[in-house]
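Engineer: Let the sequences and hints guide you as you build the complete structure.
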Amino acid sequence: MQLGLLGGFSLYCTYSRKPLKTTSPNMAAAFSALSSCPYTFLCRPSSTKLCVSCSAGSPTTTTIGSRGTKAPPRKRTGRKEGTGKSMEDSVKRKMEQFYEGPDGPPLRIVPIGGLGEIGMNCMLVGNYDRYILIDAGVMFPDYDELGVQKIIPDTTFIRRWKHKIEAVIITHGHEDHIGALPWKLFSFMALGSYIMLMSKVVPALDHNTPIYASSFTMELIKKRLKENGIFVPSRLKVFRTKRKFTAGPFEIEPIRVTHSIPDCCGLVLRCADGTILHTGDWKIDESPLDGKVFDRETLEELSKEGVTLMMSDSTNVLSPGRTISESVVADALLRRISAAKGRIITTQFASNIHRLGSVKAAADLTGRKLVFVGMSLRTYLDAAWKDGKAPIDPSTLVKVEDIDSYAPKDLLIVTTGSQAEPRAALNLASYGSSHAFKLNKEDVILYSAKVIPGNESRVMKMMNRISEIGSAIVMGKNELLHTSGHGYRGELEEVLKIVKPQHFLPIHGELLFLKEHELLGKSTGIQHTTVIKNGEMLGVSHLRNRRVLSNGFVSLGKENLQLMYNDGDKAFGTSTELCIDERLKIASDGIVVVSMEILRPQNLDGQVEKSLKGKIKITTRCLWLDKGKLLDALHKAAHAALSSCPVNCPLTHMERTVSEMLRKMVRKYSGKRPEVIAIAVENPAAVLSDELNARLSGNSHVGFGISALRKIVDGHPKGNQVDRKQPDGNGDAHLEKTSPQNLEVDGIEFERELSKEERTTSRSNLAEGHSSDSEDQDDFQKSSVPSSSAVNELVKSDESLVPPGEQMNKLKEDVVDSSDDDLLENENSRLKRSKSVKRNKWKPEEVKSLIKMRGELHSRFQVVRGRMALWEEISTNLMADGINRSPGQCKSLWTSLVQKYEVCSSTSHN
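Note that UniProt numbering has the sequence shown beginning at 1, numbered continuously upward.
Don't take each hint at face value.
Below, simulated SDA-like cross-link-like pairs (lysine to any residue); rule was C-alpha separation at most 25 Å, straight line [as the list claims (entries may be wrong)]:
id : residue 1 : residue 2
1  : 222       : 140
2  : 450       : 490
3  : 497       : 458
4  : 292       : 379
5  : 617       : 649
6  : 226       : 571
7  : 386       : 235
8  : 162       : 237
9  : 389       : 284
10 : 672       : 619
11 : 461       : 422
12 : 242       : 571
13 : 522       : 295
14 : 668       : 601
15 : 461       : 141
16 : 500       : 243
17 : 570       : 284
Pairwise CB distance ranges, derived in the manner of DEER restraints [unchecked claim]:
id : residue 1 : residue 2 : range
18 : 401       : 511       : 25 to 35 Å
19 : 856       : 640       : 54 to 64 Å
20 : 227       : 479       : 29 to 39 Å
21 : 461       : 240       : 39 to 49 Å
22 : 586       : 876       : 45 to 55 Å
23 : 287       : 227       : 44 to 54 Å
No lab work stands behind these hints, which were simulated from the structure alone.
C-beta: ideal position from N, C-alpha, C; glycine also.
Structural biologist: Here it is, written out as structure tokens:
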């Protein structure tokens, strides 16, 4: 269709040529709202008529007529192609939207993962709006040390299309093809109603969508689903090669291919609009150990039938020649195992059941017992045993805990860890931390695997650790201990020549591999080839006439997919949700955390400071500190940045200023750009404490303003009455009357220092009696002794320390214990305490310790004289427990406890 503009919008149909004038004034907005359309509407407001075409081609194919004239219609030929369009229209189709509906190319491909990367294979293949999902794999990250365990394809896109997806087909049982099934298939279960199974995963597919796989692959899938509690047997369907079945819009025929795992298959998808060949992962093994050779005959028949689209594995397109057979590897293993005199340890991919059969055969021929170390080895072996494909009876294996019971020459250990996974058995053994076995100089390590790209560094480090132990290592291509499960360039070329597809789409590989495989396809005579990326939708039409030179490929737009990350058992989300980029940044550049307790200057006594102060603490991780020099520089920079902030600025401004300053400092010092986290907290109590400490040291003046601040901090607007300051002859100011509670900050009591006249008055009062002191002592007891209820609980909890019949006598005797001599000593100790600037409150655990020690010395306190020595002994014992209390303080607290106990007892009796 074409879109024209003449005062309003007119819609022209390509076929009827009749204008359809829009009647709604919002038609322009409606057209502009078609954001999901992958094509560009070129609209230009004008009073004249302008014809605009909407095409599926590139912008260069868009035709815009000259102003004021109508673009001439294109002649149509009688030859048809694709979906009834002319040959010319196959290049530039005019359609509203290719995402859904009956228009457009009938065969549609949407890769969700696996293109442009190794792993995470997942692809939607459809006929118009009916799709099947081929494979659902995971990808293992290169930076697993950051905590990420798996990378999963975007399930949100599949969720939106779940009403279109009618089946899931699995080609084989490798993790990069089945690992994402717990996330993709069953986020919900049917238990009368939908119940959310995973809090982080939305339901990806309808709960009735069936899953098709071969028998061995299905055993692996069952185990995976059972582990996640989402096993529904009715959904699982087993297929066999060469047995056709219907799934979604396709008639599917699995064909046998050889790979490094049993029951691997390719898929032939047939529908009325064409035939698609999806090879899966494959190689051509002329002499496989299980006798099931690569199915060339079916591919030759397909070539005669005609293949609209072929999608083929591109993993080893850069490797010239052909792969060696698994039987060659079996001979090499037997040769090496027979020549070894000590213990043999082999490592391989756990899924290679055929390789395990070769190891078993070599062990039997050399008289060795077989041991499997590694959970994944048992997982694949158990699945093969249930399916009848296991070359080893699991019950005949030696248990790991019995390894030491056999001589080294009688054992052959098969272990995981070929890629130096952190928790794999061989990697742990290289550190000497494996509980299964310890490596020694007589061991021979047979490395029967390939180092996956990206793992070279950690595998080499593991091998270096093993070499340092002294074990012999046998590895390398020339040793013939491993063969790939993916075909080399010669095999890829052979299959392309056999099938001769109309269209070719490389899959399963890095972008470089896909591009090279496309060139290989062109070199074999395939005219229509292309390379797409994950999320790009591709339409394909069957070419009815091989002489047609137009391209049957049509790009139908692109979906922006987000990778999903699995971090542990529960954490699941996007890179933003799991802070992947932030983890990488911290790992490379470090992190600085600065906490600031802000002290704003107060307008007290007419003295105002002009800058902010703060108590700053800086913590760094993953940074070179240069023996503390950088840390000192950071402290100075933080104080300077804080001082530069306006006095009344918000805390966020302080945090931002300090963060920028510290980031620049580290960058200048070491070239790093760390993540800086600044936390600023304003604390008025800290201001009060700072001012009081300064006053008590004689460096500050505290007047009515600081007292007002104290009342705000303590929350006693009426209880703390403070008289105005009275200046003396020197201009100094002293507080005339201050309660001990008024000077209490953060659990510390501050007591004003007595003047000389007050000390003289106190001594005269002592000569007359201690009546004037009783009020002060009551104040001390109120401020330092817990409430009566708390004391009662402490006394009751420690009644077991004193016989019940003696408790009241003990308390009364302690009251009588206040003789004149002891009273004089108590007063002297009080005067000594008054000279100190502060004293600590009694903590509940300290009071309890005092009660316990006093109870233990109860019998000795029955003696009338010498009791002060006992209080000194209690003070010494408390000191040994880390409690610094004088004998007078101990006795004073005990006297207060006794008095409060008697008051409570008399109240309860009344």
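Engineer: Hints first: check each against the structure and report whether it holds.
Structural biologist: Checked hints:
1. 222 / 140: At roughly 22 Å apart (the allowed maximum being 25 Å), residue 140 and residue 222 satisfy the hint.
2. 450 / 490: Given pair residue 450, residue 490 holds - Cα atoms ~20 Å apart, limit 25 Å.
3. 497 / 458: The given pair, whose Cα atoms are some 40 Å apart, is violated under the 25 Å limit.
4. 292 / 379: holds (23 Å)
5. 617 / 649: The hint holds at about 21 Å.
6. 226 / 571: holds (20 Å)
7. 386 / 235: holds (19 Å)
8. 162 / 237: holds (19 Å)
9. 389 / 284: holds (20 Å)
10. 672 / 619: Status holds; Cα separation ~16 Å.
11. 461 / 422: holds (12 Å)
12. 242 / 571: Cα-Cα ~41 Å, so violated.
13. 522 / 295: holds (24 Å)
14. 668 / 601: Since the Cα atoms of residue 668 and residue 601 sit roughly 32 Å apart, the hinted pair is violated (cutoff 25 Å).
15. 461 / 141: holds (18 Å)
16. 500 / 243: holds (24 Å)
17. 570 / 284: Not satisfied, since the Cα-Cα distance of roughly 40 Å exceeds 25 Å.
18. 401 / 511: 25 to 35 Å: violated (48 Å)
19. 856 / 640: 54 to 64 Å: holds (57 Å)
20. 227 / 479: 29 to 39 Å: holds (36 Å)
21. 461 / 240: 39 to 49 Å: Holds - the Cβ-Cβ distance for residue 461 and residue 240, about 45 Å, lies within 39 to 49 Å.
22. 586 / 876: 45 to 55 Å: holds (51 Å)
23. 287 / 227: 44 to 54 Å: violated (36 Å)
Going down the numbered hints, you'll see the structure goes against 3, 12, 14, 17, 18, 23, while the others check out.
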